[in-house]
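Engineer: Sequential numbering from 1 applies to the sequence shown in the UniProt record's numbering.
Just so you know, the hints here were simulated from the structure itself, not pulled from any lab data.
Keeping only pairs whose Cα atoms sit at most 27 Å apart, straight-line, the calculated DSSO-like set for lysine-lysine is:
hint, residue 1, residue 2
1, Lys169, Lys179
2, Lys43, Lys102
3, Lys217, Lys169
4, Lys217, Lys43
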Amino acid sequence: MYHVAPIAADRFALAIWDPSWNSYNNCYLTPQEQGWTLIDCGKQDHTADLAAAIREVGLRPQDIGSVILTHGHRDHVGGLALFVEAEAWMSSRDASLVSEEKRLCLRPLDNTHSVAGLTVMPLGHHTPGSVALYDPTARVLYAGDYLCFFREELPPDGLVTEGNGLREKTRTFIAGWSKSPADRQQYHFDQFMRGLQTLGSWDRVDFLATGHGPVLKGGIPQFFAELLDDGGYPR
1 MYHVAPIAAD RFALAIWDPS WNSYNNCYLT PQEQGWTLID CGKQDHTADL
51 AAAIREVGLR PQDIGSVILT HGHRDHVGGL ALFVEAEAWM SSRDASLVSE
101 EKRLCLRPLD NTHSVAGLTV MPLGHHTPGS VALYDPTARV LYAGDYLCFF
151 REELPPDGLV TEGNGLREKT RTFIAGWSKS PADRQQYHFD QFMRGLQTLG
201 SWDRVDFLAT GHGPVLKGGI PQFFAELLDD GGYPR
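Construct the entire structure; sequences and hints are all you get.
Structural biologist: This is the structure in structure tokens:
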């Protein structure tokens, strides 16, 4: 099962249902100068659903010119074999997370400011090589699993949503995390908040597209500012 939804002009969210995790694993399509870019490619077990979702948009897997991986976890890199003709990119800091076969076909994102018209922002939380990608034309920020809505149901208004309940839930989580010395140390709170400051420095963001669950629309810079306040960090 999967859901496909437009985010902005010619930008699409592909949410693939993962029954083993009871969550949506997200991939995204965005146009590049020639062809299309796919951001993340799901689990290997879900390649049939991913291919079907791409066809629903009116494309074929062979129309994908670039695959950019936000990080090296298997639910984001597993479908790579479906795109043998595409250039594939991932930070070398996550090389140990993927098979040797995949490593051989990956180009390093390190020291790369932009790929396929997307600005690359290293975050270094969740995995050492996690990155966010920013589309300045459509004002979409692709955050991978740095900030995501794992195991969250889709709201009544669909995959792309204002998501006020999700925002409040995230704010409550950050506030609680900030007050637990043990959790701050174990889960690298300060590193996370510094990454959030990086994301919050972009003031022209209309959509937050994460690695799992709903895509948020509207008020994204304000949302980041509120999270920084909740965590006790300067904006």
